[in-house]
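Asker: Here is what each chain is made of, one letter per residue.
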Amino acid sequence: MIEWFTMATWSPYIVGVGIGVLIWTTFLLSDRPLGCSTAYAKTAGMIESVFSRERAQAMPYYQKITPTVDWQWMIVIGVLIGAFISAYLSGTFTVLIVPPEFAETFGTEPLLRSIVALLGGILMGLGARWAGGCTSGHGISGTLQLSLASWVAAICFFAGGILIAGLMYGFSFI
Amino acid sequence: MAFERLRADKRAQIVLGLVTGIIFGFLLQKGGVTNYGVIIGQLLLTDFTVVKVMLSAVLAGMIGIYAMKSAGLVRLHYTRGAVGSTVIGGLIFGAGFAILGYCPGTAAGAVGSGALDAAIGMVGIALGAGIFARLHPRLDRSVHKRGIFPAETIPELIGVRPGIVVTGVALLIIGILYLLAVLGL
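Line by line, the protein sequences are chains A and B. My numbering puts the first residue of the first sequence at 1, with every later residue one more than the last. My numbering puts the first residue of the second sequence at 1, with every later residue one more than the last.
Honestly, I wouldn't trust all of these hints.
Straight line, CA to CA, 20 Å or less: simulated EDC-like cross-link-like pairs of lysine to aspartate or glutamate [said to hold, decoys possible]:
hint, chain 1, residue 1, chain 2, residue 2
1, B, 10, A, 31
2, A, 64, A, 48
3, B, 69, B, 4
4, A, 64, A, 54
5, A, 64, A, 31
6, B, 10, A, 48
7, B, 69, B, 140
8, B, 69, A, 31
9, B, 10, B, 152
10, A, 64, B, 140
In short, the hints are calculated from the structure, not lab data. Computed from a prediction, not measured in an experiment: that's the story for all the values here.
Work out the full structure: start from the sequences and follow the hints.
Answerer: Take a look at the structure:
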């Protein structure tokens, strides 16, 4: 039993089914789909509130997505802790700034990777809120409810991702 | 109903959110999808771990959620999309997905595994969400209303009962997973 927790990786099918079952519990116990990108909008609202509470409260988006610590916000904190527990137990916790696959093509300069990660993150945060969800909210929780918007969003996530990754690293299938 | 009371209990929900997140993060890390190489490998179509995890989750989740819905235990949560919101937003997200190499959930998981570039990515995601919040009133009046989808769900779009669509999608997912295994991807 304990070997399970110290294994570096599990079968992707088992992990997937585990996430599916976890989503049963979020619908049943919290009446919510499992998503991550809302928490980032809440964080942005919290930071905005630090500078000017009145201005943040006047923004319609933060009236819809309130900048408060709640179920949705705790999810992302939990993911960080849960992944740490998993990595720590399996001895795979490694501090790095430049992932090896990135370094192979673009070099080991931490500043370059940091700028790229920041720009990628900005686009992702903008796109996630624009589309109303991310890889978990639309890609898993939405598609499993057979939501049309979620299926279209998931296809666009991968279409955009495959195009830009191909431009960065070269298309493997050409 | 006991569930209604639990769902309305704010403090209990904060604890539930944390516990749910910990299990989710644990599973993502064990699945390998908090790794930059695995995500980029999926977008380069050389590693299909991300698709295997997502499709298995959708298969198990869909059957359970629709079973609980017919038993009256859960409500569904979806909204109507539009070309201007879903397609454009989805493509912007996809570009960010490739450039960052993590998504909003797996970025947090990657930080938990020691990837500091993912922490910078998380700052970026919050910045991007903040930029969206500022654009929201203008977008909501214009682009987001372009090309509103004719239906909210696939069963509604094709006019087939949800139970049949669930069966069809389940068979499709099993077929894709089987094909990926046969092709050795």
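Asker: Determine for every hint whether it applies to the structure shown.
Answerer: Here is what the structure says about each hint:
no., hint, in the structure
1, 10(B) to 31(A), "13 Å, holds"
2, 64(A) to 48(A), "15 Å, holds"
3, 69(B) to 4(B), "15 Å, holds"
4, 64(A) to 54(A), "15 Å, holds"
5, 64(A) to 31(A), "18 Å, holds"
6, 10(B) to 48(A), "24 Å, violated"
7, 69(B) to 140(B), "31 Å, violated"
8, 69(B) to 31(A), "12 Å, holds"
9, 10(B) to 152(B), "29 Å, violated"
10, 64(A) to 140(B), "13 Å, holds"
The structure shown violates the earlier hints numbered 6, 7, 9.
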